[in-house]
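S.K.: Each chain is listed here by its residues.
Number of protein chains: 2
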Amino acid sequence: MEINPAAQNGEINPMTNCEQKNQKHKETSVFGKLEKHLEQAMAYQTALILIEWDNETLAPEQAGPYTARVQGTLSAAYQSVMTSSEVQKLLRQCEAESLSEQECAIVREAKEEMERLACIPPEEYRAYQELVSESTRIWAKAREDDDFDAFAPTLEKIISYQKKFASYRAKEGQKLYDVMLDSYEKGFDMEKLNEFFGKLKEELVPFLKKVMDSGVEIRDEFLTGAYPEEKQQELAHFLAEYVGFDFTKGVMAVSAHPFTTSLHNHDVRITTHYSDHVDSSLFSVIHEAGHGIYEMGVEDCLTQTLIGQGASMGMHESQSRFMENIVGRNGAFWVPVYQKLQEMFPDQLGDISREQFVEAVNKVQPGLIRTEADELCYSLHVLVRYELEKKLIEEDLDVKELPKLWADYYEKYLGVRPATDAQGVLQDIHWAQGSFGYFPSYALGSAFAAQMYAWMREHMDFEGLLRSGDIQAIVKVLGEHIHKYGKLKESRELLKAMTGEDFDPDYYIRYLKEKYGTLYHV
Amino acid sequence: MEINPAAQNGEINPMTNCEQKNQKHKETSVFGKLEKHLEQAMAYQTALILIEWDNETLAPEQAGPYTARVQGTLSAAYQSVMTSSEVQKLLRQCEAESLSEQECAIVREAKEEMERLACIPPEEYRAYQELVSESTRIWAKAREDDDFDAFAPTLEKIISYQKKFASYRAKEGQKLYDVMLDSYEKGFDMEKLNEFFGKLKEELVPFLKKVMDSGVEIRDEFLTGAYPEEKQQELAHFLAEYVGFDFTKGVMAVSAHPFTTSLHNHDVRITTHYSDHVDSSLFSVIHEAGHGIYEMGVEDCLTQTLIGQGASMGMHESQSRFMENIVGRNGAFWVPVYQKLQEMFPDQLGDISREQFVEAVNKVQPGLIRTEADELCYSLHVLVRYELEKKLIEEDLDVKELPKLWADYYEKYLGVRPATDAQGVLQDIHWAQGSFGYFPSYALGSAFAAQMYAWMREHMDFEGLLRSGDIQAIVKVLGEHIHKYGKLKESRELLKAMTGEDFDPDYYIRYLKEKYGTLYHV
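Residue numbers (our numbering), protein chains in the order written: chain A, 241 to 762; chain B, 241 to 762.
All clues given are correct.
Copies of the same chain look alike in the list, so a pair counts if it works inside one copy or between any two.
Calculated pairs, BS3-like style, for lysine-lysine (alpha carbon to alpha carbon, straight line, at most 30 angstroms): (1) Lys-489 - Lys-381; (2) Lys-276 - Lys-397; (3) Lys-397 - Lys-489; (4) Lys-580 - Lys-471; (5) Lys-351 - Lys-404; (6) Lys-276 - Lys-329; (7) Lys-276 - Lys-351; (8) Lys-329 - Lys-273; (9) Lys-450 - Lys-603; (10) Lys-630 - Lys-404.
Hints listed in this document are in silico derivations from the structure and should not be mistaken for laboratory results.
With the hints as extra help, turn the sequences into a complete structure.
M.R.: What follows is the structure in structure tokens.
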């Protein structure tokens, strides 16, 4: 498969990265024929995304088992299109075609997806999809009831499917967990991640201890209390919009675990949850808005294709954590905004200065819940999951031992121990959804974000823009370097093209040590 | 195709109407093979239903054109399954099989659907589905802007498609509008409906005039005013549940035009809208709950099949209007409930007696909006639409003339004339959705309901049950005679089996004259 140089130069619209399409050519070419099939597969996928969104945000309690049948049928239809002999033939024929860069990328993704699916027997795939659809409900109830045993048998089944599927895809001698990791972030296998997490463990575990022993006390009790839900909702809406989430192309709803999903670049959906910790929903909304802005920024010519979403899980997480931490927890961010907060919550924040508020939302406090972790502890929460996933997949750890091991690791790395499973091993939806190998992306994303931030500070008055409320200037730079490309390029390639350097985790460690060293005088 | 007598007797579970299925037989029989294909088609249909629900209740403003592509693809996939040569072959093979009553009904529906779809070229069907998806948005904006001209070109296209599609299906000599009517209510063609509406016109137009000239003045100004939306919402939820809508199997949301939809019998969705007329949302919720209860009452063995929904549009409307008018506008209904209303709205209703309230919600007041019409005027609103649809389809009426004709007919039958198109021809979503031939079902439904009511009053202490708050006893009777059957039997058959008589519109006229004759002393 050759990249057509004409398409790379003259035929790519320099303004938009989009190729000028010749409609006639499109319908009769080999690629055009392939595209018709992919369009069908994407429609099934979009329907599945909407059903999942609806399950998490709205569907009635008893709908589950019935709707699961529909999901099973749609998943099977998706798999059947993607692995049909016609698609396989067209993909082979594309090898000999002269394709544009965009077409090449779509063929590459389609081929990977086809191979991933073709190795799974359709009946197994369908049964698995139905299991997953059920399991998120079982997990939600188990978490509510703080009853890991009620979830364990389902989790066991999911792990067994995941291992089986990975074994189908594994190359000669490839480890199963490496197969899983590869599907979320290319080029980050256990060898690389052991090094990355090793570095974080070596540097951050002792640094966290120093911070905790610094004697510096930061007040944050005013972040908790009677923050009325409708006010929090209003604030969530305001902040999402303020950082660039466009509500003509997106919606926001409430779910147990905040998430972002998108039907296409003009329909991007985020969720949040409200509690009596105002900062919890506040930063979760900025985080999900970061994901959402990424999806909205993918160019029109890529959306609704196989390369129409974010480049990778890690790159996606880089954008959400960039927005949450590097923007949202930045003192400068609150200069134009804090007064509005005080006006909305005069009883709670009327007497609290902006400086106090910013310190409070950056307070380091090792805790039990990943999604509410402070920026410094965050990657240590991920470390726990990374080490447990390795054990579950590579060392056949019995799921029954998970709750205790989870607690032991938390104690070792973060110095805290969960008293309940709801606060421990049941807190995340990921395993219930069959996402193994996903968690490391969270830490990688934070590291990508820190590297981007270092580069941006050299090229623009970053904090000055925040102070003047011009977040759009920052979003624009991210859009130009990252968002618009979708999956056209791989994450490491994008990072390198933007910053001029390959991935370097030291930026992340330096960023954390500098920020929290200053705050805690260590 | 023969109905298997064994299945009719021994194999039908007498408690549930459901057949005992032999799983093995199911998979290898001709019908079992057909069922696999139908299951796939139903999954596409369910996805389309959810997308449409989402478009009407939540989707962001800019999503439309992109999501329409997905809808187009799913519709095409649905059509492709239903008209595939494999399904056509299996349907032919079923003719020679010994099938149960339930299987026969599914085959009958599938054959009709296949014939309906097979006559439409796939590209045309797809283009039409995309047009319809766009047109509801164009209609909503035109209504908002009171600008019929903005909608007219789209409406013209829809009518032209509808006529073309009807011409494909028309039997030798069959009129196009009769083809359309048949798809909503079998056995009610123009000849029958001219007679039905002729009778209503002859009896009700002069009776309405007598009522209006009676000199009786009913106070209802207290129904309008500052009824806070969140209180109305609470009331809507309470009333839906009170009449039997089960919120573990259903949800409620807000949309421009209230409607009911369902993914299956365990996921039924109703919408409402709130205004400063408290009775508007109140009775619209009871109405939609009536539809919803019908869908929830369909038996488990029928849901997610082609016969898993209400028997016909008219039968559906009979259940919603039964709940809205015969139950909800019944004085006895408010005996156990009115005090709660007074407690919720003490400023508005504290000094209003239950008798005053019941009179007010039954006040006859010819108006412009069908969905807010009183019970007596209601069928005259339908009459206007019936006569206009006949002109549009059978007499090639230019859509540009619609607004004026609409106004003229309202003046003639109801004595009121809309000043704006938003209050006139743009008020209903139906034509934007391509639903021609649907409106007559509303009037037929009211007539079915009146006939059921007459029968129920003979067999149970109807008003006594309402007074004691035992609506479930009424729902149970409707469930046993109507709901549980889904489309297993046709509407006229169900009505006859319940009441012992064929459809007789005189029940409806008698019911209205008796009720409003008493209220207005005429």
